[in-house]
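Student: Residue 24 in the UniProt record's numbering is what sits at position 24 of the sequence shown, and the numbering runs on without skipping anything.
Incorrect hints may have been included.
Taking lysine to aspartate or glutamate and the DMTMM-like style, the derived pairs with C-alpha atoms no more than 20 angstroms apart in a straight line are [said to hold, decoys possible]: (1) K236 - E130; (2) K82 - E332; (3) K336 - D77; (4) K82 - D97; (5) K336 - D66; (6) K336 - D76; (7) K113 - D76.
So the derived label-pair ranges between C-beta atoms look like this [what the hints assert, rightly or not]: (8) K314 - G270: 36 to 44 angstroms; (9) I256 - T318: 33 to 41 angstroms; (10) G270 - D154: 23 to 31 angstroms; (11) P423 - K314: 51 to 59 angstroms.
Hints in this document: simulated from the structure, not taken from any laboratory.
Here a beta-carbon is modelled for each residue, glycine too, at the ideal position from N, C-alpha and C.
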Amino acid sequence: MATVLTRTIRTETDDLVVKSDGLASSPSDSKEGILLNSAAVENLGLGVPADEKKFWWQRGRGYEPDAIATLPSVFDDPETAKHYQPRADWENLHRFDPSARWTWREEYAVVRKIDWRIMIFACIMFMSLELDRSNLTQAVTDNFLEDLGMNTNDYNWGNTVFKLSFLSAELPSQLVSKWMGPDRWIPTQMVLWSIVAGAQFWLSGRNSFLACRALLALLQGGFIPDMILYLSYFYKHGELSLRLGFWWTAMSLADIIASFLGAGLLDLRGHLGYAGWRWLFLIEGLLTLLLGLVAFVLMPPSPTQTANWARGKKGWFTEREEIIMVNRIIREDPSKSSMHNRQPITPKLLWQSLTDYDLWPLYLIGLTFLIPMRLGFGTIKTNLLVIPSTVGHIITMLAVTYLSEVSGQLWIWGLIAQLWALPFLSYIYAVDINSIPKWSAFGIMTVLLAYPSTHAIQVGWNSRNSNSVRSRTVSAAMYNMCCQAGGIIASNVYRQGKSIDLMASLLRRLTMSL
Numbered sequence: 001m002a003t004v005l006t007r008t009i010r011t012e013t014d015d016l017v018v019k020s021d022g023l024a025s026s027p028s029d030s031k032e033g034i035l036l037n038s039a040a041v042e043n044l045g046l047g048v049p050a051d052e053k054k055f056w057w058q059r060g061r062g063y064e065p066d067a068i069a070t071l072p073s074v075f076d077d078p079e080t081a082k083h084y085q086p087r088a089d090w091e092n093l094h095r096f097d098p099s100a101r102w103t104w105r106e107e108y109a110v111v112r113k114i115d116w117r118i119m120i121f122a123c124i125m126f127m128s129l130e131l132d133r134s135n136l137t138q139a140v141t142d143n144f145l146e147d148l149g150m151n152t153n154d155y156n157w158g159n160t161v162f163k164l165s166f167l168s169a170e171l172p173s174q175l176v177s178k179w180m181g182p183d184r185w186i187p188t189q190m191v192l193w194s195i196v197a198g199a200q201f202w203l204s205g206r207n208s209f210l211a212c213r214a215l216l217a218l219l220q221g222g223f224i225p226d227m228i229l230y231l232s233y234f235y236k237h238g239e240l241s242l243r244l245g246f247w248w249t250a251m252s253l254a255d256i257i258a259s260f261l262g263a264g265l266l267d268l269r270g271h272l273g274y275a276g277w278r279w280l281f282l283i284e285g286l287l288t289l290l291l292g293l294v295a296f297v298l299m300p301p302s303p304t305q306t307a308n309w310a311r312g313k314k315g316w317f318t319e320r321e322e323i324i325m326v327n328r329i330i331r332e333d334p335s336k337s338s339m340h341n342r343q344p345i346t347p348k349l350l351w352q353s354l355t356d357y358d359l360w361p362l363y364l365i366g367l368t369f370l371i372p373m374r375l376g377f378g379t380i381k382t383n384l385l386v387i388p389s390t391v392g393h394i395i396t397m398l399a400v401t402y403l404s405e406v407s408g409q410l411w412i413w414g415l416i417a418q419l420w421a422l423p424f425l426s427y428i429y430a431v432d433i434n435s436i437p438k439w440s441a442f443g444i445m446t447v448l449l450a451y452p453s454t455h456a457i458q459v460g461w462n463s464r465n466s467n468s469v470r471s472r473t474v475s476a477a478m479y480n481m482c483c484q485a486g487g488i489i490a491s492n493v494y495r496q497g498k499s500i501d502l503m504a505s506l507l508r509r510l511t512m513s514l
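Just need the whole structure built from these sequences, with the hints factored in.
Tutor: Following this line, the structure appears as C-alpha cells:
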C-alpha cells in the first residue's frame with residue numbers, strides 16, 4: 001500500500017447517533033438515540049473483518065445487516081493516519097471522515113444504488129463500442145468486399161491496421177482521460193468514434209476503408225482502461241472484479257445483438273439504391289452517437305459530484321450515502337485519494353508507473369493468455385451460428401469471476417481457460433475434424449469457444465495491485481495494450497494451410513500459458 005504524504009488533516013466530524021443496539025447512523029436516519037459529539041464518536045467500535053457478500057443480492061452466511069460495516073484501516077491510528085491523509089484538492093475531501101460508522105445494510109444499499117446508477121450505463125457504453133467495432137463482421141457477409149473491389153487480404157490488412165491503431169491509442173487516451181476526467185473524455189470518445197463509424201456508409205474503396213479503420217481504432221483505443229479507472233472511484237477491489245465480469249458480459253451481449261441487428265439491417269440492400277452494409281454502418285453509428293451524447297449528462301465525475309440539471313439538483317446520493325461511499329473506498333485503499341480526478345500525469349509520474357516492475361508479470365499474462373484461444377480457422381463467421389458459443393462464454397466468464405473472488409485465489413482460476421481448452425484442442429489435433437459430421441464439429445467448436453475468459457479477473461487483479469492512482473491509470477492501459485498485442489501475435493502465428501503445424505504449436509503454447 002503506497003504512502004501518501006500529509007497534505008491536510010481532517011479535524012471536523014459529523015455528528016452520529018447511536019441506536020439502542022449500539023449501531024451508528026446519521027441523525028437523519030434515526031428518530032431515537034443519543035446524539036454524540038466528536039469526542040464520543042471516536043469511541044465507537046469498528047466492524048469485525050469477515051467474509052463480505054460480493055453482491056447485494058447474496059445471502060451471506062452469518063450475515064448481520066445491522067452490524068457495523070466500518071472495517072479497521074490506517075486511519076484508526078492517529079500517528080499512522082498522518083501519512084495517509086487525502087490531498088487538499090481531492091474532490092471527495094468534504095465527505096472524508098475517519099470517525100464515520102455505518103452498517104452493512106446501509107453499505108449494501110449504497111452499492112446497489114451504484115450498480116443501478118453507474119454500472120448499468122457503463123455496460124451500455126461498452127456495448128456501443130462493441131457494436132461499432134465488430135459490425136464489420138456482419139458487413140462482410142453482405143458482399144462488402146466485392147462492392148468495394150477488395151479481397152480477403154485487404155480485409156485482413158484492415159483488421160491489422162485496426163488492432164495496431166487501437167493498441168497505440170491506449171496509453172495516450174488514458175493520459176488524456178486523467179487530465180480531462182473520464183466523465184468528459186469517455187463521452188467525447190463515443191461521439192467522435194460514432195461519427196467515424198457512421199461515415200463508413202460512404203466508403204469507396206481500399207484507401208477509405210483502411211483510413212476509417214485506423215481512425216475508428218484511434219478514437220476507441222483507451223476506452224476500456226478509461227472505464228476501469230472510472231469504476232475504481234466507486235467500487236472496492238473485490239467488488240470491481242465481479243462488476244468487470246458483468247461489464248465484459250455486456251460486450252458478448254452486444255455481439256449477440258449485433259448478429260440480430262445485422263440479420264435485419266442487411267436486408268435493406270437496395271433501399272434507395274444502397275447496399276445493406278452501408279445502412280448497417282450508418283444506423284448503428286447514429287445509435288451509438290445518441291448514447292455518446294447521453295453519456296455527457298449521465299456520467300458523474302465522482303461519488304460526491306452527481307448533481308446537474310439532468311441528474312437532479314441534489315444529485316443521486318444523499319449526504320449520508322456520499323459519506324459511506326467515500327470512506328468505505330478510502331479505508332480500503334488510501335491511495336485512491338492521492339490524486340485529483342482531473343489531475344494530469346507528469347512525465348516523471350509516467351516513468352515511475354512504467355517502471356513499476358511488480359506489475360510486469362500481469363502484463364505478461366495479458367500478452368500470452370489469449371494466444372491459444374485464437375484458432376485462425378477463418379475470418380468470416382456466420383452471424384447467427386456464433387450465438388450459442390457467445391451465450392456459453394457469458395455463463396462461464398461470470399462463473400469463473402465469481403468463484404475467484406469467493407475463493408480469494410485469483411491465480412488458480414486464471415488457469416481455467418487453458419485447462420478448459422486442452423482436451424478439445426487435443427481432440428482436434430488427434431482427429432481430422434473435417435472427417436466428422438459437421439454438427440459434431442460445430443458442437444466441439446461451440447463448447448471450445450465457450451471457454452471461461454479470465455480477463456475480468458486479471459484486470460481487477462492489476463487494479464488492486466496498483467498502489468496509487470497514477471500507477472492504476474498507466475497499468476490499466478499497459479495491461480490492455482499487452483492483450484491487444486497478444487491478439488496481433490496470434491493472428492500472425494496461425495496461418496491458413498498449416499493446420500497440423502498450427503495445432504502442434506497451439507498445444508505447445510497452451511502448455512506455456514499454463
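Student: Are the hints correct? Go through all of them and say.
Tutor: Going through the hints against the structure:
1. Taking the CA atoms of K236 and E130, the gap is about 26 angstroms. The hint is violated against a cut of 20 angstroms.
2. For the hint linking K82 to E332, the alpha-carbon distance of about 16 angstroms falls within 20 angstroms, and the restraint holds.
3. For the hint pairing K336 with D77, the CA-to-CA distance comes to about 19 angstroms; that is within 20 angstroms, so the pair holds.
4. For the hint pairing K82 with D97, the CA-to-CA distance comes to about 14 angstroms; that is within 20 angstroms, so the pair holds.
5. For the hint pairing K336 with D66, the CA-to-CA distance comes to about 27 angstroms; that exceeds 20 angstroms, so the pair is violated.
6. Among the hinted pairs, K336 with D76 is consistent with the structure: their alpha-carbon atoms are about 17 angstroms apart, no more than 20 angstroms.
7. Our distance criterion of 20 angstroms between C-alpha atoms is broken by K113 and D76, whose separation comes to about 28 angstroms.
8. Between K314 and G270, the C-beta spacing of about 53 angstroms breaks the proposed range 36 to 44 angstroms.
9. A hinted range of 33 to 41 angstroms for the beta carbons of I256 and T318 is consistent with their spacing of about 38 angstroms.
10. At about 24 angstroms, the beta-carbon gap between G270 and D154 stays in the expected band of 23 to 31 angstroms.
11. One distance hint, 51 to 59 angstroms for the beta-carbon pair P423 and K314, holds here, with the actual separation near 56 angstroms.
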